[in-house]
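Based on the provided sequences and hints, a complete structural model is requested.
If you count the sequence shown from 1, position 310 lands on 313 in our numbering, and the numbers rise without skipping.
Please keep in mind that the hints were generated in silico from the structure rather than gathered at the bench.
This structure is a prediction, so every number in the text was calculated from the model and none was measured.
Possibly wrong hints are sitting among the right ones.
[Stated by the list, open to error] Derived lysine-lysine pairs resembling DSBU-like cross-links, with alpha carbons at most 30 Å apart:
#1 Lys293 - Lys269
#2 Lys453 - Lys273
#3 Lys305 - Lys263
#4 Lys490 - Lys379
#5 Lys269 - Lys290
#6 Lys380 - Lys293
#7 Lys172 - Lys207
#8 Lys52 - Lys63
#9 Lys263 - Lys248
#10 Lys182 - Lys212
#11 Lys52 - Lys269
#12 Lys62 - Lys290
#13 Lys172 - Lys212
#14 Lys250 - Lys490
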Amino acid sequence: MPYVLKSLLRHCSLTNLTMRKRTTAGIIVIGDEILKGSTNDTNSHFICKRLHNRGIDVKKITVVGDGVNEIADDVREFSNKYDIVFTTGGIGPTHDDRTFMGLAAAFDEELAVSKELKDVVIHYLKKAKFEEQEETIDKFCKIPKSANLLWGQVAKDKKYKNYPSIQIKNVISFPGVPKYCEQAFDQLEETLFPLKEYAPFFSKTLYLKTTEIHIHHNLTLIANKYESEGVTIGSYPVTDNSNYKTKFIVEAVDEEIGRKVIYDLKNAFKEYLTLYDEHSWEDSMKKYQKFRKNQPPEFASKLDDAMEILDKTFNEYPLEKIAISFNGGKDCTMMLHLVRVKLDEKFDPGTQIQGFHIICGDEFEELHSFILDVSKKYNIRMREVTGPMKSGLCQLKEEMPEITAVLMGCRSTDPRGAYMTGPCQWTDAEWPSFYRVCPLFDWTYSDIWKGLRGLSVPYCYLYDQGYTSLGDRAKTKPNPALRIPGKKEKYKPAYMLEEENLEREGRNEKDAQLSGTVTNGGIHKI
Numbered sequence: 004m005p006y007v008l009k010s011l012l013r014h015c016s017l018t019n020l021t022m023r024k025r026t027t028a029g030i031i032v033i034g035d036e037i038l039k040g041s042t043n044d045t046n047s048h049f050i051c052k053r054l055h056n057r058g059i060d061v062k063k064i065t066v067v068g069d070g071v072n073e074i075a076d077d078v079r080e081f082s083n084k085y086d087i088v089f090t091t092g093g094i095g096p097t098h099d100d101r102t103f104m105g106l107a108a109a110f111d112e113e114l115a116v117s118k119e120l121k122d123v124v125i126h127y128l129k130k131a132k133f134e135e136q137e138e139t140i141d142k143f144c145k146i147p148k149s150a151n152l153l154w155g156q157v158a159k160d161k162k163y164k165n166y167p168s169i170q171i172k173n174v175i176s177f178p179g180v181p182k183y184c185e186q187a188f189d190q191l192e193e194t195l196f197p198l199k200e201y202a203p204f205f206s207k208t209l210y211l212k213t214t215e216i217h218i219h220h221n222l223t224l225i226a227n228k229y230e231s232e233g234v235t236i237g238s239y240p241v242t243d244n245s246n247y248k249t250k251f252i253v254e255a256v257d258e259e260i261g262r263k264v265i266y267d268l269k270n271a272f273k274e275y276l277t278l279y280d281e282h283s284w285e286d287s288m289k290k291y292q293k294f295r296k297n298q299p300p301e302f303a304s305k306l307d308d309a310m311e312i313l314d315k316t317f318n319e320y321p322l323e324k325i326a327i328s329f330n331g332g333k334d335c336t337m338m339l340h341l342v343r344v345k346l347d348e349k350f351d352p353g354t355q356i357q358g359f360h361i362i363c364g365d366e367f368e369e370l371h372s373f374i375l376d377v378s379k380k381y382n383i384r385m386r387e388v389t390g391p392m393k394s395g396l397c398q399l400k401e402e403m404p405e406i407t408a409v410l411m412g413c414r415s416t417d418p419r420g421a422y423m424t425g426p427c428q429w430t431d432a433e434w435p436s437f438y439r440v441c442p443l444f445d446w447t448y449s450d451i452w453k454g455l456r457g458l459s460v461p462y463c464y465l466y467d468q469g470y471t472s473l474g475d476r477a478k479t480k481p482n483p484a485l486r487i488p489g490k491k492e493k494y495k496p497a498y499m500l501e502e503e504n505l506e507r508e509g510r511n512e513k514d515a516q517l518s519g520t521v522t523n524g525g526i527h528k529i
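What follows is the structure in structure tokens.
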């Protein structure tokens with residue numbers, strides 16, 4: 004990295020730390036295609052997250068078209084305002100790739116072909132043959148005269164070799180293609196922002212069971228009190244989570260000051276505070292043990308039994324012979340979390356496991372989105388097969404013949420749970436051969452919700468809209484037992500259902516059985 008830039012960044016880091024300020028950054032996204040809506044900008048989101056992790060304060064993101072003057076104006080403004088500036092897009096050999104022209108105009112410089120960059124481009128294009136090759140390469144390699152090439156560190160996975168980024172003053176330019184933009188940042192991150200100098204700042208999140216309208220006065224007083232101390236308190240309303248309604252994110256350069264802010268906030272809003280974990284699948288074993296320790300004996304015993312069943316299963320079968328039947332329902336979601344806990348205990352944290360989802364009937368879009376999302380979070384290698392159930396299982400057996408044990412969220416109180424005599428049982432002779440493992444077989448409806456909410460397990464949002472059991476979309480409605488009096492289409496969330504025998508009141512059971520729709524963990528009588 005050029006000495007001037009390195010010195011500048013180090014000076015910013017040390018000066019800002021002394022003054023209780025964070026190093027600032029701006030991001031300029033360049034390209035007409037972004038403004039036209041024909042291409043999504045994912046680069047700024049990626050860069051923001053990575054900078055935030057290093058304690059960098061991103062002050063502004065702007066999107067500008069391919070006009071040279073417009074690019075120059077934004078670059079000049081950002082360069083004067085912020086410690087470091089990143090641009091993405093507008094780099095290439097075509098007529099509308101004008102980022103380098105904009106950089107040159109911003110700093111009153113001329114463009115010149117960089118021999119060092121040209122050697123790199125020729126190396127990458129040595130096997131390519133096309134018309135006007137020399138002209139194209141020269142266009143690609145014309146950069147401002149005072150610009151430097153930043154090489155960074157070689158990628159650890161070695162899937163790609165270093166390609167340099169362009170730096171002029173405090174501005175660094177990345178490609179617009181997300182893959183290459185992310186690679187460029189990966190290569191430069193530790194060089195630009197070494198952890199020993201850019202350690203993550205103090206950050207803590209609080210969750211409140213009330214809306215912002217009830218807290219704005221005291222919140223403003225506390226925010227004003229610490230404004231000069233380099234503290235930010237973000238307040239965010241939440242509408243898609245019944246665990247809390249408002250989230251505070253407190254960030255501070257100085258940890259001691261940050262803890263004082265948290266102390267004041269907790270005192271001011273103690274009647275509204277609630278515990279929640281937005282990443283419950285991380286460090287899951289430690290969190291589970293803490294939760295288990297505080298449970299009454301009866302429920303603690305059920306937790307122990309479920310974990311013992313999983314432990315025995317993982318001892319008897321290798322992971323390649325085990326799969327999760329996951330349809331996004333509340334029961335199999337609870338089961339999934341316990342599987343994550345047991346996997347993290349017995350294997351490496353985040354160990355992947357196989358899963359499958361048999362699509363039967365007309366599925367809720369919200370449910371399908373949830374399945375995709377939670378599969379990524381819990382690291383399930385998910386396979387979708389088409390129902391009805393029996394044909395879907397035949398397809399699964401054909402495509403994944405090694406699968407023997409199937410982990411399910413089935414409970415004994417399910418309509419088809421009565422066909423099972425215990426939590427672990429082989430399928431009937433006329434069905435594809437699988438060993439059904441149901442860790443939650445003896446759990447009740449309230450047990451499921453005690454586990455889900457107590458461990459902050461993410462679950463499908465439909466359950467907060469009054470649905471207590473999910474099946475075919477056309478035959479599943481919010482549970483009438485949860486309807487709020489005086490509000491025709493308003494329902495309490497599923498966890499508030501008191502009469503457990505009414506769990507499936509929103510379901511047309513006759514139609515569901517005829518269609519082969521299966522809920523609560525996937526396989527029942529198979």
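Hint by hint, here is what the structure shows:
Restraint check for Lys293 and Lys269: the C-alpha separation of about 22 Å stays at or below 30 Å, so the hint holds. Distance restraint check for Lys453 and Lys273: the Cα-Cα separation of roughly 23 Å lies within the 30 Å cut-off, and the hinted pair is therefore satisfied. With a C-alpha separation of about 40 Å, the suggested pairing of Lys305 with Lys263 is violated against the 30 Å cut-off. Distance hint between Lys490 and Lys379 is unfulfilled; the C-alpha atoms sit about 37 Å from each other, more than 30 Å.
Note on Lys269 and Lys290: the hinted pairing holds, with a Cα-Cα distance of about 22 Å set against a maximum of 30 Å. Taken as a hint, the Lys380 and Lys293 pair is honoured in the structure, with Cα atoms around 21 Å apart against an allowance of 30 Å. A C-alpha spacing of about 34 Å is found between Lys172 and Lys207, which places the hinted pair above 30 Å, so the restraint is violated. At most 30 Å may separate the alpha-carbon atoms for a hinted pair to count; Lys52 and Lys63 meet this at roughly 14 Å.
For the hint linking Lys263 to Lys248, the alpha-carbon distance of about 23 Å falls within 30 Å, and the restraint holds. Our distance criterion of 30 Å between C-alpha atoms is broken by Lys182 and Lys212, whose separation comes to about 40 Å. For the proposed pair Lys52 and Lys269, the alpha carbon gap of about 27 Å is at most 30 Å, so the pair holds. The straight-line distance between the Cα atoms of Lys62 and Lys290 is roughly 35 Å, outside the 30 Å bound, and the hint therefore fails.
This hinted pair does not check out: Lys172 and Lys212 have alpha carbons roughly 48 Å apart, beyond 30 Å. Using a Cα cut-off of 30 Å, the hinted pair Lys250 and Lys490 holds, with the two alpha carbons roughly 27 Å apart.
Taken one by one, the earlier hints fail for this structure at numbers 3, 4, 7, 10, 12, 13, listed in ascending order.
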